[in-house]
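Residue numbers (numbering that gives the first Met the number 0), protein chains in the order written: chain A, 0 to 487; chain B, 0 to 92.
Calculated from the structure, these hints are not laboratory results. The structure displayed is predicted, hence computed values, not measured ones. Glycine included, every Cβ here is placed at the ideal spot set by N, Cα and C. One or more of the hints may lead you astray.
[What the hints assert, rightly or not] Restricting the straight-line Cα-Cα distance to at most 20 angstroms, the calculated cross-link-like pairs of lysine to aspartate or glutamate (EDC-like) are:
{"hint": "1", "chain 1": "A", "residue 1": "Lys478", "chain 2": "A", "residue 2": "Glu116"}
{"hint": "2", "chain 1": "A", "residue 1": "Lys104", "chain 2": "B", "residue 2": "Glu83"}
{"hint": "3", "chain 1": "A", "residue 1": "Lys104", "chain 2": "A", "residue 2": "Asp216"}
{"hint": "4", "chain 1": "A", "residue 1": "Lys264", "chain 2": "B", "residue 2": "Asp87"}
{"hint": "5", "chain 1": "A", "residue 1": "Lys478", "chain 2": "B", "residue 2": "Asp9"}
{"hint": "6", "chain 1": "A", "residue 1": "Lys104", "chain 2": "B", "residue 2": "Asp9"}
{"hint": "7", "chain 1": "A", "residue 1": "Lys418", "chain 2": "B", "residue 2": "Glu47"}
{"hint": "8", "chain 1": "B", "residue 1": "Lys13", "chain 2": "B", "residue 2": "Glu83"}
{"hint": "9", "chain 1": "A", "residue 1": "Lys418", "chain 2": "B", "residue 2": "Glu8"}
{"hint": "10", "chain 1": "A", "residue 1": "Lys478", "chain 2": "B", "residue 2": "Glu46"}
{"hint": "11", "chain 1": "A", "residue 1": "Lys417", "chain 2": "B", "residue 2": "Glu83"}
{"hint": "12", "chain 1": "A", "residue 1": "Lys104", "chain 2": "B", "residue 2": "Asp87"}
{"hint": "13", "chain 1": "A", "residue 1": "Lys264", "chain 2": "B", "residue 2": "Glu46"}
[Unchecked claim] Every beta carbon over 12 angstroms from chain B, so not counted as near; a handful from chain A, in silico:
{"hint": "14", "residue": "Trp122"}
{"hint": "15", "residue": "Leu156"}
{"hint": "16", "residue": "Val251"}
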Amino acid sequence: MNWGVVIPLLLFLVIIFFIGFYASKYLKSSADFLQEYFLGSRQLGGFILAMTMVATYGSASSFVGGPGVAYTVGLGWVLLSMTQLATGYFVLSVLGKKFAIMARKIRAVTLVDFLKERYQSKWVVILSAASIIIFLFSAMAAQWVGGARLIESFTGLSYTAALFIFAVSVLVYVIIGGFRAVAITDTVQGIIMFFGTMIILVGTIIAGGGIESIISDLAAENPDLISPYGADRSLTPVYVSSFWILVGVGVVGLPQVAVRAMSYKSSRGMHRALIIGTVVVGVIMLGMHLTGVFARPVLPGIEVGDTVMPRIAMEVLPAWLAGIVLAAPMAAIMSTVDSLLLLVSSAVVKDVYLNYINPEASAKKVKRLSISVTAVIGILVFAMAVQPPDLLIWLNLFAFGGLEAAFIWPVIMGLYWKKGNASGAIASILTGVGSYILFHSFMPQAFGMHTVVLPVLLSLLAYILFSLLTVKRHSDIQKHVFQKLWSA
Amino acid sequence: MNHHDKRMEDPRYKIANKEALIGTALVIVNFILWYGFAYGLGSGPVEEYDYIFGFPAWFFYSCIAVTVLIFLLVILAVKFLFKEVPLDEEDEK
Numbered sequence: 000m001n002w003g004v005v006i007p008l009l010l011f012l013v014i015i016f017f018i019g020f021y022a023s024k025y026l027k028s029s030a031d032f033l034q035e036y037f038l039g040s041r042q043l044g045g046f047i048l049a050m051t052m053v054a055t056y057g058s059a060s061s062f063v064g065g066p067g068v069a070y071t072v073g074l075g076w077v078l079l080s081m082t083q084l085a086t087g088y089f090v091l092s093v094l095g096k097k098f099a100i101m102a103r104k105i106r107a108v109t110l111v112d113f114l115k116e117r118y119q120s121k122w123v124v125i126l127s128a129a130s131i132i133i134f135l136f137s138a139m140a141a142q143w144v145g146g147a148r149l150i151e152s153f154t155g156l157s158y159t160a161a162l163f164i165f166a167v168s169v170l171v172y173v174i175i176g177g178f179r180a181v182a183i184t185d186t187v188q189g190i191i192m193f194f195g196t197m198i199i200l201v202g203t204i205i206a207g208g209g210i211e212s213i214i215s216d217l218a219a220e221n222p223d224l225i226s227p228y229g230a231d232r233s234l235t236p237v238y239v240s241s242f243w244i245l246v247g248v249g250v251v252g253l254p255q256v257a258v259r260a261m262s263y264k265s266s267r268g269m270h271r272a273l274i275i276g277t278v279v280v281g282v283i284m285l286g287m288h289l290t291g292v293f294a295r296p297v298l299p300g301i302e303v304g305d306t307v308m309p310r311i312a313m314e315v316l317p318a319w320l321a322g323i324v325l326a327a328p329m330a331a332i333m334s335t336v337d338s339l340l341l342l343v344s345s346a347v348v349k350d351v352y353l354n355y356i357n358p359e360a361s362a363k364k365v366k367r368l369s370i371s372v373t374a375v376i377g378i379l380v381f382a383m384a385v386q387p388p389d390l391l392i393w394l395n396l397f398a399f400g401g402l403e404a405a406f407i408w409p410v411i412m413g414l415y416w417k418k419g420n421a422s423g424a425i426a427s428i429l430t431g432v433g434s435y436i437l438f439h440s441f442m443p444q445a446f447g448m449h450t451v452v453l454p455v456l457l458s459l460l461a462y463i464l465f466s467l468l469t470v471k472r473h474s475d476i477q478k479h480v481f482q483k484l485w486s487a
Numbered sequence: 000m001n002h003h004d005k006r007m008e009d010p011r012y013k014i015a016n017k018e019a020l021i022g023t024a025l026v027i028v029n030f031i032l033w034y035g036f037a038y039g040l041g042s043g044p045v046e047e048y049d050y051i052f053g054f055p056a057w058f059f060y061s062c063i064a065v066t067v068l069i070f071l072l073v074i075l076a077v078k079f080l081f082k083e084v085p086l087d088e089e090d091e092k
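Please model the complete structure; the sequences and the hints are all you need to start from.
Written as structure tokens, this is what we have:
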């Protein structure tokens with residue numbers, strides 16, 4: 000075991016636990032358990048809001064998978080990754096104040112709460128809660144596998160032992176501290192990700208003998224490594240541009256991101272978060288992927304993309320610093336997993352149980368149930384991640400794009416188009432998810448674009464068409480919705 | 000009914016709608032610059048590339064300069080175009 004690397008990581012875990020205990024004090028004293036556990040009582044300031052957004056969004060793929068692909072593909076992949084810059088400012092400016100104000104008018108705690116009040120339809124609630132539970136459960140399991148592999152790779156522990164450490168760490172602080180613990184640990188994790196990115200980038204540039212020499216080494220090996228088209232010229236402008244939908248604007252539809260737009264304290268906090276979030280996302284995405292490309296001349300011949308990051312860190316940095324930097328991908332994975340865990344629990348407790356099974360449950364019962372549901376889901380994910388079943392791997396393929404295709408229009412049109420109604424929303428969710436799975440299976444990358452693009456367009460058409468066709472049928476409900484959500 | 004709606008509407012939404020449009024405009028500007036520099040300067044043969052600070056010019060402008068420019072535009076937009084409004088119902092009155 001490489002203690003130089005392991006000690007900073009252990010320290011990192013200890014800090015995270017302390018935050019969990021700190022946040023648990025709020026949970027004990029809060030008057031409204033649900034608001035505190037799932038939303039931190041809407042008390043987030045600008046800095047924490049920015050960091051929890053970035054950290055939730057930046058996952059294993061930004062820190063492990065992404066740099067690995069950049070290593071193989073070259074600068075073209077960095078170009079593609081920069082489409083994510085938009086997430087920094089687009090989500091908060093579009094959901095922004097409107098979502099926060101509406102969510103307060105109806106005291107919504109989850110995304111589904113908002114959809115429920117906006118569309119007044121049982122089917123919207125059931126479909127959206129089901130998509131959240133199914134897709135995010137599988138996404139979560141995939142992230143746990145990534146987290147465990149990472150621990151395995153630099154501690155030399157067995158996969159199951161690594162998974163156990165990872166699972167216990169996350170479960171403890173999420174269960175005792177809820178959303179506030181998640182947001183504050185996300186902030187610490189975001190800071191580690193930010194500085195870790197800069198350190199590893201600078202270390203790699205120095206090890207490669209400066210930018211100029213790295214770029215000429217790359218060009219000498221294969222000129223296309225420094226072109227926007229990728230090493231084998233397979234990155235077409237249309238394909239690369241289509242990532243603006245998948246990882247740029249489409250992120251608005253991800254429930255784990257959207258729910259954060261209900262959690263801020265004030266519009267001043269939101270403004271600060273817009274600036275900080277954009278800068279942090281920009282620096283992390285540029286730095287991490289550029290490091291992947293620059294690692295190529297420094298450490299040639301790496302076969303498995305996922306090992307590029309850990310290996311380059313250990314190569315170019317002293318052990319203790321590598322330990323700190325390697326805490327960054329750990330932090331990225333943990334900060335994604337903790338949010339997903341809480342979100343799936345909220346879907347089960349708030350959206351399903353309290354809506355349809357037992358609306359009269361006592362406060363004490365809700366509290367016990369929330370905590371035990373989080374624990375049970377955590378244990379289930381652990382069991383799944385020990386040996387991930389094929390179904391789960393298959394579902395995870397759709398988790399990101401599938402949720403975007405399902406929610407982007409019910410959320411955005413729900414906020415900005417008063418004529419949008421339940422029929423439109425149901426049609427949009429079904430079209431989005433259904434056509435995504437079909438396109439993926441039978442016509443992947445249609446017209447050279449990422450598979451998510453067409454389902455997003457189709458679900459928009461479905462939303463508008465069905466809303467307009469059913470104007471009459473919904474007119475009474477729409478008046479009621481207007482009263483509740485739009486009137487002063 | 001539409002006219003009636005407008006008058007009754009929460010006045011904070013006018014601000015919110017405007018800011019959503021600003022966010023969308025930023026994405027469009029971001030996309031055009033990113034695309035224009037990358038493929039405008041990077042489409043030719045690699046041997047003829049210009050270099051800035053060691054980076055190929057297309058990459059420097061599209062991925063580094065545009066990113067910094069967007070940071071600035073976001074800061075300016077928030078400072079000068081975004082308005083602070085109370086989010087809670089109670090504070091409103």
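Against the structure, the hints:
1. A/Lys478 to A/Glu116: This hinted pair holds, its Cα atoms lying about 12 angstroms apart.
2. A/Lys104 to B/Glu83: holds (18 angstroms)
3. A/Lys104 to A/Asp216: Violated: A/Lys104 and A/Asp216 sit about 59 angstroms apart, past 20 angstroms.
4. A/Lys264 to B/Asp87: Judged against 20 angstroms, a Cα distance of about 9 angstroms means the pair holds.
5. A/Lys478 to B/Asp9: It holds: about 15 angstroms lies between the C-alpha atoms, which stays within 20 angstroms.
6. A/Lys104 to B/Asp9: holds (11 angstroms)
7. A/Lys418 to B/Glu47: Distance of about 54 angstroms is beyond 20 angstroms: violated.
8. B/Lys13 to B/Glu83: holds (12 angstroms)
9. A/Lys418 to B/Glu8: Holds: A/Lys418 and B/Glu8 sit about 15 angstroms apart, inside 20 angstroms.
10. A/Lys478 to B/Glu46: Status violated; Cα separation ~64 angstroms.
11. A/Lys417 to B/Glu83: violated (24 angstroms)
12. A/Lys104 to B/Asp87: Status holds; Cα separation ~8 angstroms.
13. A/Lys264 to B/Glu46: violated (53 angstroms)
14. Trp122: holds (26 angstroms)
15. Leu156: At about 38 angstroms from chain B, A/Leu156 clears the 12 angstroms cut-off, so the statement holds.
16. Val251: violated (10 angstroms)
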